[in-house]
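> This is what each chain is made of:
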Amino acid sequence: MNCKDAYTGLLSAERPDMPAAEVAQHLSRCPKCQQRQRRIILLEQELAELPRPGESPEARLRLLERLPDLEPPPSITPPSIIPLKEVESPRWLGRGIPALVAVAAAVLFLVIGLVAWLGPGPRPAHSVAKDIKAVVKDSGQVVAGPADHLVTSLLESDLRLARLTTVPERVETLIDMAGRLQNEAIRLARQGQADEVAWLHDLHEQVVVRGLAVRGRSLTEAQRQQIALALEERAASTEAAALPLGPAESRHLQAMSTVSRQTAQALLADREPPALPAWQPPADLDHSRGLLGALVWNGIRLAGEDDPLRRADYCTDIADSLLQSLLAATAAGSPNAASTLGQRMGDVMDRGVAANLSLVESAQPDPQRQAELDRLRNRNEAALDEAIKKGPPGLQKALEESKGKGKGKSKGKGKDPNFVPPGQMKKKD
Amino acid sequence: MICEEGVDHPAEQQWIRQAQAGDREAFAALVGCYWPRINRWLYGLTQNTHTAEELTQEVFLKAWTALRSFSGTGFRAWLFTIAGNALIDLRRSPKAAPTQELPESLSSNEPSPAANVVTRESLALVLESCARLPEHFRAPLLLRTQEDLSFAEIAKVLGIREVTVRWRIFRARLLLMNELKDYLDEKLS
Chain A
1 MNCKDAYTGL
11 LSAERPDMPA
21 AEVAQHLSRC
31 PKCQQRQRRI
41 ILLEQELAEL
51 PRPGESPEAR
61 LRLLERLPDL
71 EPPPSITPPS
81 IIPLKEVESP
91 RWLGRGIPAL
101 VAVAAAVLFL
111 VIGLVAWLGP
121 GPRPAHSVAK
131 DIKAVVKDSG
141 QVVAGPADHL
151 VTSLLESDLR
161 LARLTTVPER
171 VETLIDMAGR
181 LQNEAIRLAR
191 QGQADEVAWL
201 HDLHEQVVVR
211 GLAVRGRSLT
221 EAQRQQIALA
231 LEERAASTEA
241 AALPLGPAES
251 RHLQAMSTVS
261 RQTAQALLAD
271 REPPALPAWQ
281 PPADLDHSRG
291 LLGALVWNGI
301 RLAGEDDPLR
311 RADYCTDIAD
321 SLLQSLLAAT
331 AAGSPNAAST
341 LGQRMGDVMD
351 RGVAANLSLV
361 ESAQPDPQRQ
371 AELDRLRNRN
381 EAALDEAIKK
391 GPPGLQKALE
401 ESKGKGKGKS
411 KGKGKDPNFV
421 PPGQMKKKD
Chain B
1001 MICEEGVDHP
1011 AEQQWIRQAQ
1021 AGDREAFAAL
1031 VGCYWPRINR
1041 WLYGLTQNTH
1051 TAEELTQEVF
1061 LKAWTALRSF
1071 SGTGFRAWLF
1081 TIAGNALIDL
1091 RRSPKAAPTQ
1101 ELPESLSSNE
1111 PSPAANVVTR
1121 ESLALVLESC
1131 ARLPEHFRAP
1141 LLLRTQEDLS
1151 FAEIAKVLGI
1161 REVTVRWRIF
1171 RARLLLMNEL
1181 KDYLDEKLS
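Listed in order, the protein sequences are those of chains A and B. Under my numbering, the first sequence has 262 at position 262, and the numbering climbs by one with no breaks. Under my numbering, the second sequence has 1147 at position 147, and the numbering climbs by one with no breaks.
Only chain A is shown next, with the shape it has when bound in the complex:
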């Protein structure tokens, strides 16, 4: 560790007086960094001792007098930790539309789309995901292993990217994706699974270089420094994890670390990221790798996309990948895995596809975009049909109920003529 790394470690430590072992080791032999540590500790002390503001003695009394007479009503239900509100509204809410109204309109479109989709029966509108979740919950058989956890977290990142509009938020999500890939690579490296680590290294490299480095260039210098710090930290932890491992696993982890460092340096210098050859997940991958590849590939694309129509398109690609994995799991006699994948597919169709299509609809698309919108709807409808026909029984039942309830439609006979996917309210009307 050099002085620069040690300084970074001190400045980013929760307790600069108790730095990480590597930093402490460096400090023990570096007077310059010892002085830096003393400065930081003194600064923290000075901040802790800053004077309190003057307080008028009556202030607390006034507060107690102002407390409502009634006991606290039980109906007010903020969560135990109230999330901090977003300071800035998403860009698509701009142009003079109050954020709340716009959000309400988007939600309304989504709900109306689902109502239309579910038909006019008495059943309350709810999502495919909820239907499927209910089935999965009832079966009580959902098992999610660590590798499955990676799929879940990458999918969540993709769904976030499918709605985020600001570059810092997108970059933050990409950092999270990269970190999860790195953690999984370390875990598998410790198990000696060098091939899997190599694959995760490929994916990580794409996220860092093609996603983070490219998107990060439009951030401010301070923001780029923050990202660089995060990448440096990741690089250091990955290198440390690689030390005791065998040469094959260690080599891949070292390569991940190098990518992080190079990208950090490129961001700090505000220059082009390291060049990468064109990449797309190979088509001949097994389903597990193929799904991870699709999640990463589409996540990177979503991070650079502002058009909701394109975002819906990329989410449809994700849903297709989930469908292929679902069909493979069904064919392999793994109904639980298939149900879980169906649940995720429903999530993507609700939160990724339908939410973005609603935005397109609300903007009154021109004929060309309308045609593209219809194409996407048809793709999703076909995917749902295929999932119903070929998926596990529990999934089939849930999807049939969602599509056909209240319409007297018999099961398993192809498309319902009244079927309207989420977000298609205007077409239905």
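Since the hints were made in silico from the structure, they are not lab data. Be aware that one or more of the hints could be misleading.
[To be verified] Here are the simulated EDC-like cross-link-like pairs (lysine to aspartate or glutamate), alpha carbons at most 16 Å apart as the crow flies: (1) A:32 x B:1182; (2) B:1062 x A:65; (3) B:1181 x A:65; (4) B:1187 x A:49; (5) B:1062 x B:1089; (6) B:1187 x A:44.
Add chain B to chain A, keeping to what the hints say.
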């Protein structure tokens, strides 16, 4: 029921339960515990004594009305979260105005004015530098240094990821170190 400064007071959980049942005296005890801390943080962010005090009142009013839904753990973080949201509401309101003033008076528990003019000047230097930090750096830094909240707790309070807290505190420290290096070296010598 008196608690002027301490947090994690042994009776705190009992006060919370009593206040949730509508006991004003118990709530007043909680106010006594946390008022100075909330007020100081809000002052650190607004740099305005009056605004900080108004906001602090608002925080406790909101806490009172929402107290029944509080889960029972992490009361301090819960209060600071309400404070953060109250500040955001203020920033969005028409009456919000940027303020960069230095404090008009130092706290009563500081050394007396006759004691050390140099100390006051030093504190003013640190205070001024801190006040110039961007608010999104200052907020987590003050929670860390003055409230001793962990990065994880700060992340919950501010509704951001822990790694973001780390970055922001890193940036805040770096900016302050660059600005106050000579002053700190002088104090260390």
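> None of the hints should be skipped; say for each whether it holds.
Do the hints match the structure? See the list:
1. For the proposed pair residue 32 (chain A) and residue 1182 (chain B), the alpha carbon gap of about 15 Å is at most 16 Å, so the pair holds.
2. Restraint check for residue 1062 (chain B) and residue 65 (chain A): satisfied, since their Cα atoms lie roughly 14 Å apart, inside the 16 Å limit.
3. A threshold of 16 Å between alpha carbons decides the hint, and for residue 1181 (chain B) with residue 65 (chain A) the separation of about 47 Å lies outside it, so the pair is violated.
4. Pair hint residue 1187 (chain B) plus residue 49 (chain A) holds up; C-alpha atoms about 15 Å apart against a cutoff of 16 Å.
5. Distance check on the hinted pair: residue 1062 (chain B) and residue 1089 (chain B) sit about 13 Å apart at the alpha-carbon level, within 16 Å; holds.
6. Taken as a hint, the residue 1187 (chain B) and residue 44 (chain A) pair is honoured in the structure, with Cα atoms around 13 Å apart against an allowance of 16 Å.
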